[in-house]
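Asker: Chain order of the listed sequences is A and B.
In terms of the working numbering, the first sequence opens at residue 58 and continues consecutively.
In terms of the working numbering, the second sequence opens at residue 58 and continues consecutively.
Some clues are possibly wrong.
Because identical chains share one entry, a pair is satisfied inside a single copy or across any pair of copies.
[Claimed, not checked] Dumping the calculated DSSO-like pairs for lysine-lysine here, alpha-carbon to alpha-carbon at most 27 Å: (1) K200 / K111; (2) K158 / K200; (3) K200 / K237; (4) K194 / K158; (5) K198 / K237; (6) K59 / K237; (7) K194 / K59; (8) K237 / K196; (9) K59 / K196; (10) K59 / K200; (11) K198 / K59; (12) K158 / K196; (13) K194 / K111; (14) K198 / K111; (15) K198 / K158.
I should point out that these hints are in silico values taken from the structure, not numbers from a laboratory.
Protein chains: 2
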Amino acid sequence: MKQVPVGVSARHIHLSEEHIEALFGPGYTLTEFRALSQPGQFAAEETVAVEGSKGRFERVRILGPARPESQLEISMTDSFAIGVRPPVRESGNIENTPGIKVIGPAGEVELEQGVIIAARHIHFHTEDAARWGIQDKQKLKVKVASPRPIIFEDVIARVSDSFALDMHIDTDEANAAGVKNGDLAEIIE
Amino acid sequence: MKQVPVGVSARHIHLSEEHIEALFGPGYTLTEFRALSQPGQFAAEETVAVEGSKGRFERVRILGPARPESQLEISMTDSFAIGVRPPVRESGNIENTPGIKVIGPAGEVELEQGVIIAARHIHFHTEDAARWGIQDKQKLKVKVASPRPIIFEDVIARVSDSFALDMHIDTDEANAAGVKNGDLAEIIE
Numbered sequence: 058m059k060q061v062p063v064g065v066s067a068r069h070i071h072l073s074e075e076h077i078e079a080l081f082g083p084g085y086t087l088t089e090f091r092a093l094s095q096p097g098q099f100a101a102e103e104t105v106a107v108e109g110s111k112g113r114f115e116r117v118r119i120l121g122p123a124r125p126e127s128q129l130e131i132s133m134t135d136s137f138a139i140g141v142r143p144p145v146r147e148s149g150n151i152e153n154t155p156g157i158k159v160i161g162p163a164g165e166v167e168l169e170q171g172v173i174i175a176a177r178h179i180h181f182h183t184e185d186a187a188r189w190g191i192q193d194k195q196k197l198k199v200k201v202a203s204p205r206p207i208i209f210e211d212v213i214a215r216v217s218d219s220f221a222l223d224m225h226i227d228t229d230e231a232n233a234a235g236v237k238n239g240d241l242a243e244i245i246e
Numbered sequence: 058m059k060q061v062p063v064g065v066s067a068r069h070i071h072l073s074e075e076h077i078e079a080l081f082g083p084g085y086t087l088t089e090f091r092a093l094s095q096p097g098q099f100a101a102e103e104t105v106a107v108e109g110s111k112g113r114f115e116r117v118r119i120l121g122p123a124r125p126e127s128q129l130e131i132s133m134t135d136s137f138a139i140g141v142r143p144p145v146r147e148s149g150n151i152e153n154t155p156g157i158k159v160i161g162p163a164g165e166v167e168l169e170q171g172v173i174i175a176a177r178h179i180h181f182h183t184e185d186a187a188r189w190g191i192q193d194k195q196k197l198k199v200k201v202a203s204p205r206p207i208i209f210e211d212v213i214a215r216v217s218d219s220f221a222l223d224m225h226i227d228t229d230e231a232n233a234a235g236v237k238n239g240d241l242a243e244i245i246e
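Make a model of the complete structure from these sequences and hints.
Answerer: Listed below in structure tokens is the structure:
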């Protein structure tokens with residue numbers, strides 16, 4: 058049985074170094090609040106506000122370290138709430154996505170692009186993928202058992218030596234399936 | 058192909074006649090705002106507020122006509138937002154569910170029970186069910202095609218002469234699957 062722990066992603070933002078400085082001040086660097094499941098990744102102490110045409114979220118957690126490009130990941134429910142219409146995309150693929158205003162304690166940034174609804178995916182360490190015969194970018198079917206069971210289709214496999222085994226879904230997907238952080242999902246195809 | 062239109066249920070409340078009078082005044086009756094897909098059911102002009110331990114929703118739509126027992130249907134995302142922990146239940150099955158405070162223009166009601174997360178289900182007219190060999194209470198697998206496809210398991214069949222063909226899912230389920238009102242789902246098992 059190919060079981061994978063579920064990691065539920067709440068709304069969060071990745072920021073470039075340039076944007077961290079624009080929002081928090083020159084020379085500012087993020088402070089780690091807690092480590093994430095993927096090695097080297099962390100939730101920062103710092104948060105920002107984001108503002109769409111219909112509303113605003115305060116205290117959106119920044120995930121570190123800094124990235125080449127800033128990217129806001131929200132759920133579809135979130136997107137309706139603040140009035141932005143992002144596509145479902147893989148992380149990093151932000152061309153032709155909407156932008157948004159980001160507000161920090163020392164300044165504001167108007168992102169020109171970078172708002173996405175993250176496509177569901179599984180991080181595999183290279184050895185896990187090899188053991189189960191799974192290729193990078195393969196699309197998988199994954200079943201979650203619960204009082205409201207769901208089979209997620211088109212779950213994208215991402216394979217790397219620097220990954221730890223974890224399925225990332227957003228809060229809409231977790232709530233629709235009645236699962237929470239650390240529950241187990243099963244790759245069925 | 059067994060195709061069914063999708064109906065997305067936003068948070069809403071059904072009220073007993075006693076509670077309608079307590080919230081809106083003696084002798085009050087609901088005014089139809091628009092008809093729903095199920096014959097005789099309607100969204101009312103009237104809304105109420107509901108208040109949990111962590112927050113409150115204003116303008117929760119009342120669905121009519123009045124029912125024997127009041128029942129608030131919210132998504133799991135909603136439940137975290139206002140601080141109430143309802144189970145996933147079929148409509149009408151409200152024993153041992155949490156209550157909530159309901160606030161109307163003429164008074165308040167403390168529901169002792171009745172908050173649920175609605176179990177996904179399909180309404181079948183008796184003729185649709187017969188044509189497809191589907192029994193009342195049967196659990197079905199239903200696929201939704203979209204940029205983030207999902208197979209919903211344990212979709213409960215509800216068969217009646219007074220029903221119109223429609224699959225009811227909540228906003229978490231719709232957003233997780235990237236579908237909206239009127240999109241088509243396919244019964245695959």
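Asker: Against each hint, give a clear statement of whether it holds in the structure.
Answerer: Hints versus structure:
1. K200 / K111: For K200 and K111, the Cα distance exceeds 27 Å both inside one copy (35 Å) and across copies (32 Å).
2. K158 / K200: neither (37 Å within a copy, 36 Å between copies)
3. K200 / K237: This pair counts as both: shortest intra-copy Cα distance 14 Å, inter-copy 23 Å.
4. K194 / K158: The answer is neither: 32 Å in one copy and 48 Å across copies each exceed 27 Å.
5. K198 / K237: both (19 Å within a copy, 22 Å between copies)
6. K59 / K237: within (18 Å within a copy, 32 Å between copies)
7. K194 / K59: For K194 and K59, only the intra-copy Cα distance (17 Å) is at most 27 Å; the inter-copy one is 31 Å.
8. K237 / K196: Close inside one copy (22 Å) and across copies (24 Å); limit 27 Å.
9. K59 / K196: Answer is both; intra-copy 15 Å and inter-copy 25 Å each pass.
10. K59 / K200: both (10 Å within a copy, 22 Å between copies)
11. K198 / K59: This pair counts as both: shortest intra-copy Cα distance 11 Å, inter-copy 22 Å.
12. K158 / K196: For K158 and K196, the Cα distance exceeds 27 Å both inside one copy (33 Å) and across copies (45 Å).
13. K194 / K111: The answer is neither: 35 Å in one copy and 41 Å across copies each exceed 27 Å.
14. K198 / K111: neither (35 Å within a copy, 36 Å between copies)
15. K198 / K158: Intra 36 Å, inter 41 Å, cutoff 27 Å: neither.
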